[in-house]
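*Asks:* As a plain string of letters, each chain reads:
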Amino acid sequence: MQLVFLLEQVVNGLVLGGYYLLIALGLSLIFSVGGVVNLAHGAFYALGAYGSLEIAKYFGFGAGVVLSPIAVAMLGILFERFLLRRFYAADPILSLLVTFGLAMVAEQSIRMIWGAAPLAASMPAGLKGPVIVGDFLFSRYRLLLLAIVAAVLVGVWLLLRRTSFGRVVRAGIQRPDMVAVLGIRLEPYMTAIVVLGVGMAAMAGAFFAPITIVHPAMGAEIITVAFVVVVIGGLGSFWGVVLAALLVGVVRGSTIHFLPAAGEASMYVLMFLVLMLRPRGLLGERIEKFE
Amino acid sequence: MTSTTRRSLVAGGAAAGGALALGIPSVVRGQSDKIRIGHLTPMTGFLGALGEYAVLGLRMAEEEINQAGGVMGRPLEVISEDSINPATAATKAQRMFERDGATVLMGEISSASALAIAQVAARNKKLFMSIGARSDTLRGKNCNRYTFHVDIPNTVMVNAVGKALLRDNMVKGKRFFSLTADYVFGHDLLRAAKTFFAANQGNLIGDELVATDVTDFSPYLLKIRQSRPDVVCSNLAGNQVTNLIKQYAEFGLPFPIVGFNLNTADAWAAGEGNLSGTWPTVWHHDLDTPGSKAFVAAFTKKHGKPPENHAWIEYVSLKIMAQAMNEAQATDTEKLIGFFEKGTEFDILKARKAWFRSWDHQLMQEAYPFSVKPKGQAKDKWDFLALGQAVPGPQESLEALAPTREENPCSM
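Protein chains in written order, with our numbering: chain V, 309 to 599; chain W, -9 to 402.
With the rest of the complex left out, here is chain V (with noise of 0.2 Å):
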């Protein structure tokens, strides 16, 4: 009985990794196409979580979590265009503080928007509750969103693997240089990446706020665990990144089941053994311009 008790928290760790997946998956496309660590990615995905919330009102919760990523989406033109595009060549420090300070600014300013109290968040009725299959009790609402992440991983995968604008964006990571002297301008890849990754987060804010609280302060606790999981994976893998985020959610689910009181402690402890082992992460590549 109890491997089975363990098997279920292994099974629901995969389902939470996949909640993880969307923000971490974002946060290494723009690190492996600009070298910048975006810290403001979590506020983009509490505006996503926000702007789902104002559209739900008037138009519903289908309208909300469609429309308002790609509304942030679009937020994420003007952020790549005018604040990031100027760090890619500049020394990384430079970008990591800047983009502190914007997730700083966005945190406060969802505040004196939205103000400090959580805002009330439901999902239509028709998506609670649990699915139980044999001994395992799954939520609904999470084999849904678990769907939609499946989806939208192999897309993305689609796009960097099967198009030409993935194959520019490979090379481009590579060997920009290279890129250049090909006649190609890396410049709309970059926004287009961005939009991209900014989309996905603001996509995982609008999932997932009906079922974690809506606060100003929301950014800043999802970015310490999509840095986590994108450093295990190694940075700018796309398998890496995948890989940890099923990782960290089978290892603190197993870790709550054994263990309670170490359970949030547990997937730093994760970070801390792949770097000793691994430095790079999991299936870290090397990409040259940032030896």
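Simulated from the structure, these hints should not be mistaken for laboratory data.
Careful, some of the hints might be misleading.
Computed list of lysine-lysine pairs in DSSO-like fashion (alpha-carbon distance at most 27 Å, straight line) [stated by the list, open to error]: (1) Lys365/V - Lys365/W; (2) Lys365/V - Lys363/W; (3) Lys436/V - Lys131/W; (4) Lys365/V - Lys213/W; (5) Lys115/W - Lys131/W; (6) Lys436/V - Lys115/W; (7) Lys295/W - Lys365/V; (8) Lys340/W - Lys365/V.
Coverage of chain W stretches by chain V, computed from C-beta distances (three or more under 8 Å per stretch; other residues unrestricted) [what the hints assert, rightly or not]: (9) 40 to 52; (10) 196 to 206; (11) 258 to 269; (12) 273 to 281.
None of these values were measured; they are calculated from a predicted model.
Here a beta-carbon is modelled for each residue, glycine too, at the ideal position from N, C-alpha and C.
With chain V held as given, fit chain W onto it using these hints.
*Replies:* Chain W alone, transformed into the frame defined by chain V:
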């Protein structure tokens, strides 16, 4: 390259400047005849939502008192700051006494920070009115003669809900599984809950300590399901409660849920249709007394939303402090302590007046259990809680639910 550096400097400076302008309250030194009140409360973190209401409530009282001529003809000046955590709270408390010349300190919601401030107050031999912290230990083992406690203690919250549970036959022989906030407040609340279960033949079959920054409760929900309790019981705090309620509804566990701590703002944030069960509160905005109604109307008019229990308690606390200074004709610490210890009654907008117990400095007042209104009965998004009858009942002593002298190890 120079241009990048200059630009980044400007951008960084703008961001930093923005953060400074927004994040750090300005301390304006007023004329010397003002009575300065140092106010510390968490404005960020897992209790930040409650702190926002706390500030609004206290400020409203400050405004009203000053419009009515102040205290002993002198205006009040409140300096509010984010207490952040116990270490910062202690530093800020010391600074408010030393540098800002605060006459008294008020506020706090976190029991851990309140404990730190109480120690600073005792060291400085100055008064601290701990307004929103509920741990028994603050007015028990860790009590001191410079600290007064306004909010109901954990034991009262447990007993307020406990009475309703006993009435519904939900305690004797039932198996409880609890989730507890992993800091002084949660541990303290769990202790009070255990005492209650032991006295009424309830069985606590499991408890999990939950860190205050946990946002995903799914592994805990699975553990609860695996141990198949009769009742799930929440000893959580702040944002934790909201997340639990949301995810409990999401997973649709079949066990009834009750809790020994819930602030209205955390319930509001849970969203429609997610909350169920019986919970305690110290005050709710549909309380049917003329005083409460007037306060709610004024607050709602000013802020466009009804006051939360922390707004109410800060409001009445400053009124209590002003009344004490006016009637004792002093701001002197010893005189104020003497005045409070006399057992003077204060109108706190409830059916019965409240007074401080002299030996543990706890305000004796009514508490209420509440449950959730049936679907479709809520008038607006703030109106889904159904307030129960005040406890102790009208015929009982206000001390009926509070720890007795034998139970409470406070000695000053």
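*Asks:* Hint by hint, say whether it matches the structure.
*Replies:* Cross-check of the supplied hints:
Note on Lys365/V and Lys365/W: the hinted pairing holds, with a Cα-Cα distance of about 19 Å set against a maximum of 27 Å. Proposed proximity of Lys365/V and Lys363/W is supported: the alpha carbons are some 22 Å apart, at most 27 Å. At most 27 Å may separate the alpha-carbon atoms for a hinted pair to count; Lys436/V and Lys131/W exceed this at roughly 45 Å. In summary, the hint linking Lys365/V to Lys213/W is not supported, as the alpha carbons are separated by about 35 Å, beyond the 27 Å threshold.
Distance hint between Lys115/W and Lys131/W is fulfilled; the C-alpha atoms sit about 19 Å from each other, no more than 27 Å. Pair hint Lys436/V plus Lys115/W does not hold up; C-alpha atoms about 54 Å apart against a cutoff of 27 Å. A distance of roughly 17 Å separates the Cα atoms of Lys295/W and Lys365/V; the hinted pair therefore holds under the 27 Å criterion. Of the supplied pair hints, the one linking Lys340/W and Lys365/V is violated, its CA atoms being roughly 35 Å apart against a limit of 27 Å.
Here the region 40 to 52 of chain W counts 3 residues with a CB under 8 Å from a CB of chain V, which clears the bar of 3, and the coverage holds. Using a Cβ-Cβ cut-off of 8 Å, 8 residues of the region 196 to 206 of chain W lie near chain V, which meets the minimum of three, so the contact claim holds. Counting residues of the region 258 to 269 of chain W whose CB falls under 8 Å from any CB of chain V gives 7; the rule of at least 3 is met. A count of 0 residues in the region 273 to 281 of chain W with a Cβ less than 8 Å from any Cβ of chain V is obtained; the coverage claim is therefore unmet, three being the minimum.
Hints 3, 4, 6, 8 and 12 from the earlier list are contradicted by this structure; the remaining hints agree with it.
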